[in-house]
Amino acid sequence: MLITISTPNLSTEYKQFIDATYEQSTSTYVVFVGDGVYAPALNTAFFEQLANTVKNKVKDKPTLNLSFLSTDAATRGANLPEHFNPISHKELAAISAKNQHWIPLS
Numbered sequence: 008m009l010i011t012i013s014t015p016n017l018s019t020e021y022k023q024f025i026d027a028t029y030e031q032s033t034s035t036y037v038v039f040v041g042d043g044v045y046a047p048a049l050n051t052a053f054f055e056q057l058a059n060t061v062k063n064k065v066k067d068k069p070t071l072n073l074s075f076l077s078t079d080a081a082t083r084g085a086n087l088p089e090h091f092n093p094i095s096h097k098e099l100a101a102i103s104a105k106n107q108h109w110i111p112l113s
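Counting in my numbering, the sequence shown runs from 8 upward without gaps.
Fair warning: there could be bad hints in the mix.
Straight-line alpha carbon distances no greater than 25 angstroms define the calculated BS3-like cross-link-like pairs of lysine-lysine that follow [unchecked claim]:
1. K62 x K105
2. K62 x K22
3. K22 x K105
Simulated restraints, written as ranges between beta carbons of each label pair [as the list claims (entries may be wrong)]:
4. S95 x T19: 29 to 39 angstroms
5. A101 x S32: 15 to 25 angstroms
6. A101 x T19: 27 to 37 angstroms
Note that these hints are calculated values from the structure, not bench results. Computed from a prediction, not measured in an experiment: that's the story for all the values here. For every residue, glycine included, the Cβ atom is placed at its ideal position computed from N, Cα and C.
Based on the sequences and whatever the hints tell you, model everything.
Written out as structure tokens, the structure is:
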């Protein structure tokens, strides 16, 4: 499952959706694009809690990949946490092709 986030402000419903998707999917990619690269800084507590959940996962738990479009972050001067992976447009295209379910949150 691929979730793209292009909004800096995440509603409670979006946060619940991300949590539920992580719990129910075997592999979830969350990619911050456009103004969405500000979302981790504006929603620090949520993403720290999510990262701790992933870090403490059990062997059979699903995986969560938190990434951001590196050009969007650079253009906007956004600083993202170390556990978020910078990716290129080409890498985003590869992730998109590999995931049948694609959900944009904007």
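Right, here's what the structure says about each hint:
1. At most 25 angstroms may separate the alpha-carbon atoms for a hinted pair to count; K62 and K105 meet this at roughly 24 angstroms.
2. With a C-alpha separation of about 18 angstroms, the suggested pairing of K62 with K22 holds against the 25 angstroms cut-off.
3. Of the supplied pair hints, the one linking K22 and K105 holds, its CA atoms being roughly 24 angstroms apart against a limit of 25 angstroms.
4. A hinted range of 29 to 39 angstroms holds for the C-beta pair S95 and T19, which are about 32 angstroms apart.
5. One distance hint, 15 to 25 angstroms for the beta-carbon pair A101 and S32, holds here, with the actual separation near 18 angstroms.
6. The hint said 27 to 37 angstroms for the Cβ distance between A101 and T19, and at roughly 32 angstroms that hint holds.
The earlier numbered hints are all upheld by this structure, with none contradicted.
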